[in-house]
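Enquirer: As numbered in the UniProt record's numbering, residues 1 to 327 make up the sequence shown, in order.
It should be emphasised that the hints constitute simulated quantities derived from the structure, not laboratory data.
The structure presented is a predicted model; accordingly, all values stated were derived computationally and were not measured.
Just to be clear, a hint being listed does not mean it is correct.
[Said to hold, decoys possible] With a Cα cut of at most 25 Å, we get these calculated SDA-like pairs of lysine to any residue:
#1 LYS95 - ALA84
#2 LYS263 - PRO185
#3 LYS281 - THR304
#4 LYS95 - LYS281
#5 LYS95 - ALA110
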Amino acid sequence: MLGTVASHPAEDEFSATGLAFGVLASLVAVGIAGYAARGLRFALAAGRQDAAGERLEARALASRSRAHSFGALSSSLALALVLAIVMVLTANQAKIITTFFNVDFMVKSAENIVRAFGLNIFIAVISMVFVLAFGLVLAVVRMVPGDGARPLRALAIAYIDGFRAIPSIIVLYLIGFGLPLAGLPFFAGLPQAWYAIIALTLTYSAYVAEIYRAGIEAVHLSQVGASRSLGMSYGLTLRHVVLPQAVRAVIPPLLSAFIALQKDTALVSIIGAVDAFSQAKFFASSNFNLSSVAVVAALFVLITIPQARLVDWLLARGAARRARRTR
1 MLGTVASHPA
11 EDEFSATGLA
21 FGVLASLVAV
31 GIAGYAARGL
41 RFALAAGRQD
51 AAGERLEARA
61 LASRSRAHSF
71 GALSSSLALA
81 LVLAIVMVLT
91 ANQAKIITTF
101 FNVDFMVKSA
111 ENIVRAFGLN
121 IFIAVISMVF
131 VLAFGLVLAV
141 VRMVPGDGAR
151 PLRALAIAYI
161 DGFRAIPSII
171 VLYLIGFGLP
181 LAGLPFFAGL
191 PQAWYAIIAL
201 TLTYSAYVAE
211 IYRAGIEAVH
221 LSQVGASRSL
231 GMSYGLTLRH
241 VVLPQAVRAV
251 IPPLLSAFIA
261 LQKDTALVSI
271 IGAVDAFSQA
281 KFFASSNFNL
291 SSVAVVAALF
301 VLITIPQARL
311 VDWLLARGAA
321 RRARRTR
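When you get a sec, could you build the whole thing from the sequences and use the hints?
Expert: Shown next as structure tokens:
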């Protein structure tokens with residue numbers, strides 16, 4: 001008598017998922033084919049109108065044909081990319097999914113990771129406050145006019161160029177381990193989070209200084225000349241005329257710098273700070289599974305994407321204002 005072979009529940013689940021996705025992909029492919037068929041229909045109609053001498057109508061139909069054809073092509077490429085990703089994720093009995101996105105491990109590690117993520121937020125916010133202030137000082141010093149300020153300008157330029165050239169992780173390592181070893185009275189006993197704040201402030205101030213400088217240089221020189229002709233000093237002109245306009249102009253790139261700084265807070269684990277990434281690595285090494293690291297990635301995505309969309313909105317609003325002024 002022939003026996004029956006029992007199937008593994010996981011294999012049945014993956015088979016059902018694959019079948020459902022195959023059906024969905026087939027339906028999408030049918031929709032794409034319909035899009036392409038409409039493009040072909042408009043192309044044939046354009047040819048008939050052109051043969052009849054209706055050039056304007058033919059051009060309009062040809063434009064619609066190109067739009068539908070390009071839509072079918074882009075949709076096909078997107079579907080092919082999604083299929084390729086699904087094939088990779090489901091290969092070898094979906095080992096990629098169970099290794100990186102195991103729900104049980106994600107739930108198990110989520111509480112400690114979310115709690116530790118507060119340290120990342122704290123470091124990012126405090127660092128950015130210092131970065132905004134120190135970066136503005138660097139930008140102003142770099143642009144101080146006159147031969148007497150040449151040494152200060154040279155120091156500011158050297159600082160900005162130097163820290164823009166050094167990777168953030170190296171600065172973190174040097175500050176996090178170097179300051180305690182140096183035994184300086186104030187810096188020797190600081191918590192690890194403050195070493196991270198110092199390192200990120202030193203690094204990102206150089207980038208933010210260049211953002212400020214671009215905003216200051218965008219203010220037309222005629223406004224500076226008009227202010228000086230009214231008897232205002234260079235400092236008053238900078239404070240009341242130049243900087244207000246410059247800061248408003250560079251808010252979107254400053255937000256972009258803040259997003260980059262937030263992501264770099266994941267590097268603080270190298271100096272012993274117990275942040276979200278260090279907690280995730282602990283769970284990953286204990287369970288031989290990387291799903292906890294995916295939790296950290298998801299947290300950064302959740303706080304980064306809204307800020308990125310805010311940057312896009314601010315840029316669009318600024319472009320609209322400039323367009324209205326030029327009318």
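Enquirer: Evaluate each hint against the coordinates.
Expert: These are the hints, each one checked on the structure:
1. LYS95 - ALA84: Measuring from Cα to Cα gives roughly 15 Å; hence the hint holds.
2. LYS263 - PRO185: violated, 31 Å
3. LYS281 - THR304: holds, 21 Å
4. LYS95 - LYS281: Given pair LYS95, LYS281 holds - Cα atoms ~19 Å apart, limit 25 Å.
5. LYS95 - ALA110: Measuring from Cα to Cα gives roughly 21 Å; hence the hint holds.
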